[in-house]
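Q: So you can see what is in the structure, the chains are spelled out below.
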Amino acid sequence: MARSEPTPGPPGPDGVATVAGAVFTVLGVGFLLHSLVGFKLQGRWLWPILLILAGLAVLFSSRPSRP
Amino acid sequence: MSEQWTRSGTSSTGGAAGPGPTTGRPRRLERSTTDKMLAGVAGGLGQYFGLDPVIFRIAFAVLALAGGGGVLLYALAWVLLPVGDQPRSTLHTKLVERDGKGKRVVAAVVIVLGAIALIGDLDHLLFGRGLVRFAGLAAVVAALVWLFNNDDRSEADAPPPPPPTAGDPWPVPSGPSSWSPAPSGGPSPEAPAHPAADAGPALGAGAGPTLEVGPGPVASEGVGPVGLGGPAWLSAGAGADPTEPLEAIEPAEHVGGTPPPPPPPGAPPPGGRAPGGAATRSLTLLVISLLLVGAGCAALVGLHLTVFLSLALVVVGLALLSGGRWGRSRGLIPVGILLVVALGMSTAVNFVGVPLRGGAGERRWQPLTVDELPDEYRLGVGSLHLDLTDLRPGRGDDDVEIDASVGVGELVVTVPPAVDVVVEGRAGVGELDLLGQRRSGRDVEQVVRQTSSRFDGPTFELDLEVGMGEVRVRRGTV
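For the protein sequence lines, the chains are Z and F, in the order given.
The numbering of the first sequence is the numbering used here, which starts it at 1 and goes up by one.
The numbering of the second sequence is the numbering used here, which starts it at 1001 and goes up by one.
Treat the hints with care, since some could be wrong.
[Stated by the list, open to error] If the Cβ cut is set under 8 angstroms, some of the chain Z residues that face chain F in the computed set are: (1) L32; (2) S35; (3) V37.
The hints are simulated quantities; they were obtained by calculation from the structure and are not laboratory data.
Virtual Cβ for every residue (Gly too), placed ideally from N, Cα, C.
Extracted from the complex, chain F is given alone in its bound form (with noise of 0.2 angstroms):
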């Protein structure tokens, strides 16, 4: 964020500032302290574009009577644009620099809401809906204006930084503002032109016991307080004035290979990676081993494929519920993802009457005698193929009867090619295909009877369905 803040600031310096007091600041659209009839949007926008702010005022009148998207824009322009000289929006203010205490807020405004609509029903027929979305919008309301009215407050309550002691050379700048650089194009009254302006008068040019600024000996040598450990942009370079304000160095340059700045607080450790990441990775593929072997241990029982992937969201769940407690674990949170979508293909397949059963992949059967057929052919996930090409029966045998099913996937029979047939056919969602008569949708259903001349034999009766994809009927060749 801080690093948005200066290469927006840097790369529209020298550009058309605009009229209004950001004059000398970098252009930034941003909510105005000086033009504003309710926080200031309309007015930050008629800045950074030069245009009078009654123009924005006008669209977003017009917008929020024409269906309330002018409120909602406003209110999304209002908490996330930043205000005067904040480097931040609101909305990043409160919920990432707070200490946890807009997450909090957020929390319990997402508990309110759940609430609320989990007693709809009882509300309904206690008082109608009339009053819950009332107090669902009280409780919004409220929760919005504790979470934002305190805007100056927050800065003004802010205790100070504690000075540098001698023995720390590179002190860690406390609060939002001291960490974030100043925009590029020199001081201001708004806009401190250094970061260090606002760490402590110990960060300042020649002030602090180790972090002089200036022609020293340390920065005759090109090196300045960086060479210490300290960060980049204090340093002014050789032959600077120690009585010239500092330019702010964008944060990504270092000097000389130099460390980059120390991170703020709460922000994970160089490098990206946060600790606990080798257990994570380890938690990780414990799980999913620990669901692999599960897999197998349910096919050899025959558990059913939902009822082991339900449990496997709950292993899922419980370790990222206990792994968030003292490290990373998020990790686990694709396979928590796919165990749902999953879920929700066996949900969805259950739902119209398929059972997700018998495993997956792609099965092959065929038949040679009418003694080897099985009951019934199902198939959780893949493609069944059944060849009743070379099924011969007798004349005096009886109907040749097959059910089979397809959870996911395709069902492809291929009955003899001069035989009676009869193929009943399901489809949740999907396509039909028997004999050359097609069909498609949802909850598709078709019977097909199809007899031959040239045989005096039992019929083919054909019981097919798929839950979700195709069935597929068709005679073979002889």
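Chain Z with its partners taken away, still in its complex shape (with noise of 0.2 angstroms):
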């Protein structure tokens, strides 16, 4: 009696992209500014933010999943 293979679902959320695309189009923001119109880039602000926005990138993406 053969078994059908398990069909595998819909991919969920990729956490480790989400995080990567919210620092990388946080870097390409600030960097755009610096280069446009001579926003300063400071460590200081910019660590803080990108902490922030991959928080919020975690939680977005691990978000219970819909059964």
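Two chains, each in its own frame: build the complex with the hints.
A: Here it is in structure tokens:
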């Protein structure tokens, strides 16, 4: 009696990709502002914002998936 | 993780189990549930190494007083070592097996830390640093307590696995403990000898409607329930006594090419490739293609390299954000990392005042007349060679002014053998070698003048700079 292969369901949110995307987006916007309007990238502002966004991204990606 | 558990148990079976309640089970470094003063770390170390736990307690105390390392080590051992007969550490249980709750808690901690750091300056103005540090410490402690304070309750509150139905010959065990294979070495009160013991009554020997174990018609053929598609560790082999407990088999072992055990819930499907892999590759190729096309367009319109790289990084970030919602887009992460590195170099070069313009690669110019000299020579990344050997200005001509820069790389200028030269060189980070005079370091500047008694013409005035790299000026040969 052959048993059918379990069909994989749709992939859920990818937390790593979401976090990396948030970080890259913020860095890109920061560098862009730095290039265009002279916005000064300062670590003391940048890394807390990155932390917050990374946390939000993890929160967003770890929402309980629908059954 | 489950394989590690089994391997470590198998490899240490028969070894010195050490004193303590874990005798009879494979020796494993774990927190003790019996000999404990705080979390059982020292007690577990003592049981593992066969030493008095007081030795480890004293060591932790000494290290804690000498810089605080003992506290950190103890905390790490607390969260990284499994407790008692639990197969995995508390950290793994909280972060991986709790349906995202642990991740949300960690995310909350990260957000709190970021917010505290962000308002740090404001708080410094209003209250001083002390309150912020206290609040941050309190937030971290509260989050950790929230994260780790319900070890036992989480296990006890776990709902029992649903009994398998007759139409489901391969019931998927629910819960972390039911999935992990038990350590070898026979049953013990602490550790069930078989994962089936956790998985519900139907998985016991001869108890389920289809997963019968023992000398039945299927098992007698040497196939066992695995032949029906069941996991390999359910096979007891022909002639096995149904009353004997089953021996655990490592998950990697399969009988006769039978399929491996079913993956735990949430794990990627067999083959290690998550759904959406093709889409990921397509998305990655699409983004890379767009970046290449954009680079060409940027070069055409003279867009600043840093602006283009920033836009590319934003595109990659947004693609990761959107792709992460419906599948796997991790293939773009290396692209983003490369862009960040390039942007960092670009920013560093701009920081030292050298424009990162002019493209990339190796450029060679050899002007023959003064009229061919452009206003400036620029190269973003690469090697720029400027050969002025054949440039012979007349006696009444104006001075020859050369303005050249390289963002990252080397700038080499060769001047005629017998002319008056004034070189002003700068390097953000790197080395200057101006007509034999060397200087290196950060923010290096040097001015070199050389006159030639054989020449009575205009002076070659060179203004050369490199952001990161080397500037070399040498005289050509006749």
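Q: Each of the hints needs a verdict: does it hold here or not?
A: Status of each hint after checking the structure:
1. L32: 4 angstroms, holds
2. S35: Where the cut-off is 8 angstroms and the nearest Cβ of chain F is about 4 angstroms from Z:S35, the hint holds.
3. V37: Violated. Min distance 11 angstroms.
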